Amino acid sequence: MTPEAILAFPARVLTQKQREDYFENGYALVESLIPADVIDHLNAVTAEFIEKSRSLTQSSGDLDIGPGHSAERPIVRRLISPDRMHDAYWDFANGIIGDAAADLLGPDVTFNHSKLNFKWSDGRDQVKWHQDIPFYPHTNYNVLAIGCYLTDVAEQDGPIGIIPGSHKGPIFEHFDDRGVWTGSMRDTDMAMYEPEDAVYLPGPKGSITIHHSRAVHGSKPTTQANGRPLLINAYAAADAFPYTNPKASTTHHYRDLIRGERATWAHLDPEPCPIPPDWGDGYTTIYAHQGGEDGEATPRDPGFRVAAE
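Residue numbers (this note's numbering): 1 to 309.
Just so you know, these hints were derived from the structure itself, not from any lab. All figures in this text were calculated on a predicted structure; none of them were measured in a lab.
Label-pair distances were calculated between CB atoms; the ranges are:
{"#": "1", "residue 1": "D40", "residue 2": "G169", "range": "38 to 46 Å"}
{"#": "2", "residue 1": "A88", "residue 2": "S32", "range": "16 to 24 Å"}
{"#": "3", "residue 1": "G68", "residue 2": "D187", "range": "21 to 29 Å"}
{"#": "4", "residue 1": "K52", "residue 2": "P270", "range": "41 to 49 Å"}
{"#": "5", "residue 1": "G61", "residue 2": "Q156", "range": "31 to 39 Å"}
Straight-line Cα separation of at most 27 Å, BS3-like style, residue types lysine-lysine; simulated pairs:
{"#": "6", "residue 1": "K128", "residue 2": "K205"}
{"#": "7", "residue 1": "K168", "residue 2": "K220"}
{"#": "8", "residue 1": "K128", "residue 2": "K168"}
{"#": "9", "residue 1": "K205", "residue 2": "K17"}
{"#": "10", "residue 1": "K220", "residue 2": "K205"}
{"#": "11", "residue 1": "K17", "residue 2": "K168"}
{"#": "12", "residue 1": "K220", "residue 2": "K128"}
{"#": "13", "residue 1": "K52", "residue 2": "K205"}
Note that beta-carbon positions come from the ideal geometry of N, C-alpha and C, so glycine has one too.
Could you build the full structure based on these sequences and the hints that come with them?
Here you go:
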């Protein structure tokens with residue numbers, strides 16, 4: 001569905017200008033959208049998982065822990081699939097942000113995945129420049145992610161930064177020169193952009209950020225050790241079907257219908273899409289890939305390459 005066709009449907013949550021700005025720039029920030037009681041409940045549930053992490057000495061299927069993690073100082077980098085870990089997260093994914101997704105994807109929306117990311121100001125919490133669609137390519141590019149700030153996020157907390165308009169540019173492979181997946185763009189590809197032109201999106205607790213799956217984005221390291229929890233839910237238009245192995249998903253809610261009706265035909269975008277490694281045996285996290293923790297574990301697999309023609 002084209003932006004013009006999507007904009008012809010009445011807005012549910014976003015203003016028409018916010019919708020138009022999203023299609024023009026590839027991102028949106030909506031401040032203080034989520035009620036305080038909803039955020040407080042999510043924070044209480046999240047605190048329970050942080051407490052459980054104290055007994056871990058290595059990452060589990062639910063919790064990705066960072067270097068230096070201990071019972072005395074837990075360093076949880078990610079709740080890997082919060083939507084399957086507690087009903088509060090899944091209820092949230094089906095709530096007002098489902099309407100926000102429909103405002104930008106059209107009336108028929110499916111769920112892709114969720115994650116809850118943290119930053120602990122340990123020098124390792126930068127997220128390098130990347131695009132989302134190379135991680136989970138679809139038959140068309142009506143795919144987006146909605147982040148929700150569970151605490152107030154200032155500039156020093158490392159909010160998400162977007163290169164405006166980059167969603168209209170090329171899609172880049174996220175492999176290095178050796179053919180190993182890094183989860184980030186090569187410096188030679190980033191040279192076509194001016195990182196100082198990035199727009200960073202701080203906001204008060206309960207604000208949401210929305211970015212297009214093709215938008216070039218990242219975040220700076222934090223300077224405050226407050227965790228900066230960011231709950232992310234990704235959605236796709238119902239007629240955008242995944243190319244890659246669904247076993248890479250760690251949630252049973254994958255492709256669940258969020259709004260509208262299921263599509264019986266796939267919409268094919270004529271622009272080719274790069275394919276990531278085959279994660280049929282499981283996916284770790286962007287932190288592990290960008291930090292080189294997986295080494296040669298995720299090389300390019302030429303036999304798995306598929307592209308839209």
